[in-house]
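Chains as they are written, first to last, in my numbering: chain A, 1 to 261; chain B, 1 to 261.
Treat the hints loosely; a few may be bogus.
Here are some chain A residues pointing at chain B (derived, C-beta under 7 Å) [unchecked claim]:
{"hint": "1", "residue": "Ile40"}
{"hint": "2", "residue": "Glu156"}
{"hint": "3", "residue": "Thr239"}
Rather than coming from a laboratory, the hints here were simulated on the basis of the structure.
Just so it is clear, the structure is predicted and the values come from calculations on it, not from any experiment.
Cβ coordinates follow ideal geometry from the N, Cα and C atoms, glycine included.
There are 2 protein chains.
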Amino acid sequence: MIGVFDSGIGGLTVVKSIMAAFPDYDITFFGDTARTPYGIKNPETIIEHTVNSARFLVNNGARLMVIASNTASSIASEILHKTFGLPVFEVINPTVESAISASPGVRIGIIGTRSTVSSGIYESRIKTRLPTAVTTAAACPLIVPLVEEGWFKRPETAMIVKKYLHPLKVRQIDTLILGCSHYPVLKELIQRKIGRRVRIVDTPAAVTENIKFFLRSHPELDTQMLKTGTHQYYVSGLTPQLNRIAQFMINRYVELRHVKI
Amino acid sequence: MIGVFDSGIGGLTVVKSIMAAFPDYDITFFGDTARTPYGIKNPETIIEHTVNSARFLVNNGARLMVIASNTASSIASEILHKTFGLPVFEVINPTVESAISASPGVRIGIIGTRSTVSSGIYESRIKTRLPTAVTTAAACPLIVPLVEEGWFKRPETAMIVKKYLHPLKVRQIDTLILGCSHYPVLKELIQRKIGRRVRIVDTPAAVTENIKFFLRSHPELDTQMLKTGTHQYYVSGLTPQLNRIAQFMINRYVELRHVKI
Numbered sequence: 001m002i003g004v005f006d007s008g009i010g011g012l013t014v015v016k017s018i019m020a021a022f023p024d025y026d027i028t029f030f031g032d033t034a035r036t037p038y039g040i041k042n043p044e045t046i047i048e049h050t051v052n053s054a055r056f057l058v059n060n061g062a063r064l065m066v067i068a069s070n071t072a073s074s075i076a077s078e079i080l081h082k083t084f085g086l087p088v089f090e091v092i093n094p095t096v097e098s099a100i101s102a103s104p105g106v107r108i109g110i111i112g113t114r115s116t117v118s119s120g121i122y123e124s125r126i127k128t129r130l131p132t133a134v135t136t137a138a139a140c141p142l143i144v145p146l147v148e149e150g151w152f153k154r155p156e157t158a159m160i161v162k163k164y165l166h167p168l169k170v171r172q173i174d175t176l177i178l179g180c181s182h183y184p185v186l187k188e189l190i191q192r193k194i195g196r197r198v199r200i201v202d203t204p205a206a207v208t209e210n211i212k213f214f215l216r217s218h219p220e221l222d223t224q225m226l227k228t229g230t231h232q233y234y235v236s237g238l239t240p241q242l243n244r245i246a247q248f249m250i251n252r253y254v255e256l257r258h259v260k261i
Numbered sequence: 001m002i003g004v005f006d007s008g009i010g011g012l013t014v015v016k017s018i019m020a021a022f023p024d025y026d027i028t029f030f031g032d033t034a035r036t037p038y039g040i041k042n043p044e045t046i047i048e049h050t051v052n053s054a055r056f057l058v059n060n061g062a063r064l065m066v067i068a069s070n071t072a073s074s075i076a077s078e079i080l081h082k083t084f085g086l087p088v089f090e091v092i093n094p095t096v097e098s099a100i101s102a103s104p105g106v107r108i109g110i111i112g113t114r115s116t117v118s119s120g121i122y123e124s125r126i127k128t129r130l131p132t133a134v135t136t137a138a139a140c141p142l143i144v145p146l147v148e149e150g151w152f153k154r155p156e157t158a159m160i161v162k163k164y165l166h167p168l169k170v171r172q173i174d175t176l177i178l179g180c181s182h183y184p185v186l187k188e189l190i191q192r193k194i195g196r197r198v199r200i201v202d203t204p205a206a207v208t209e210n211i212k213f214f215l216r217s218h219p220e221l222d223t224q225m226l227k228t229g230t231h232q233y234y235v236s237g238l239t240p241q242l243n244r245i246a247q248f249m250i251n252r253y254v255e256l257r258h259v260k261i
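Pulled out of the complex, with its shape left as it was, chain A reads as follows (with noise of 0.2 Å):
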């Protein structure tokens, strides 16, 4: 089956963009809540994580990885596809190349959290493809709690999201990258706020993508996948507002089932 990992909950965007692509395929989530959040940990303690987890979606019968996690798709990748020998997609490539051929005039803004934005990750990964590029990176700390309280329609959502995306009008940036799972939930809100003519780029549709063509391209592999459309979605913490958080990032019910890692 297809593993999709994240450190928290985030990823269960990915999730529901890859189960609207692939509706038949098996897909099992685990969310490393226990654990959560990883910016803010040094690089040996994510990697340490996210071998771990995805050691549980191995073993339960992932074919495929998928690392809904900036922070883990910008450290631990290479690592999880030397460990396991799986094909490991993460988040950050699929999304900067989205963007690169998104962008008319290649000026790209990048909203994160603090810590993917202080790693400079998407920067840098834009830059090498393009080095004229220009690009603006605003952190948005506020963003995955206010969407975690579930406040999509309150003024103060919107106050803080203009505010934040402000820097990024000012610079003209004709792409956004919404570089967090979580923040797809407020694509709506985000796309009014930053205007009509900027192209939005998410990171769910970006490896969504990534996984599709891939698939087509070994179908090998493809047709060794369980497609029984059985989706499972295990935490390492739960927590009763855990699954009402999970409603509104994947827009469906889900039961999360709490697992010791």
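Here the structure of chain A is known, so what remains is to put chain B in place on it, guided by the hints.
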């Protein structure tokens, strides 16, 4: 020395309060920032992390232990006392006592993180002490990230605090418990929004009073305490951002040191 433990760095407000009351006493703070937040973790995990954190402080000379974390206070204080045989001060009981003495009509409001509020710990402790007490609790999950963003004076913060306090105003509370170590940083704003007639009780002041009383009545222990005015700050996960937030909490320059536990 006095060892102060918190799951994150909110507990620096407790250090600040203890420092003001005992300027000469050596204080060592340990924030388990690599594993924060505790509120979403299961009790066994919280106990394990708290004991490990406390061991670090004990090995470094702590003769008196303060648990600044609300979650760890409610779950792990007995176990710490039994494990290390030290006087252990948790924040909940002294705060409940302060609130009950401060409250003329015993109409007590409690604000805290979602996990503290849904645990019902403050309400049940208040009711145990005074069954006739009227309590109302409100979860305010956005206050911690707003404080950590440094948005003390922004209109969004005022709006959000006002919204969170609204149900408590309606219930006409006369006393308000700040049941989270981050909240004292916004005490003035909270006082303005809840109204001047409501008495605010915060955990740092309450636990500091408790320690004062204890050391006065146990001079034999008091004389053992180092009083060289040395203050040390350790965290299990360190980022540049964390040092910035630490200044907000304690209102002075601190240098957090990283330690692996």
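Output the indices of the hints that this structure fails to meet, ascending. Violated hints: none; all satisfied.
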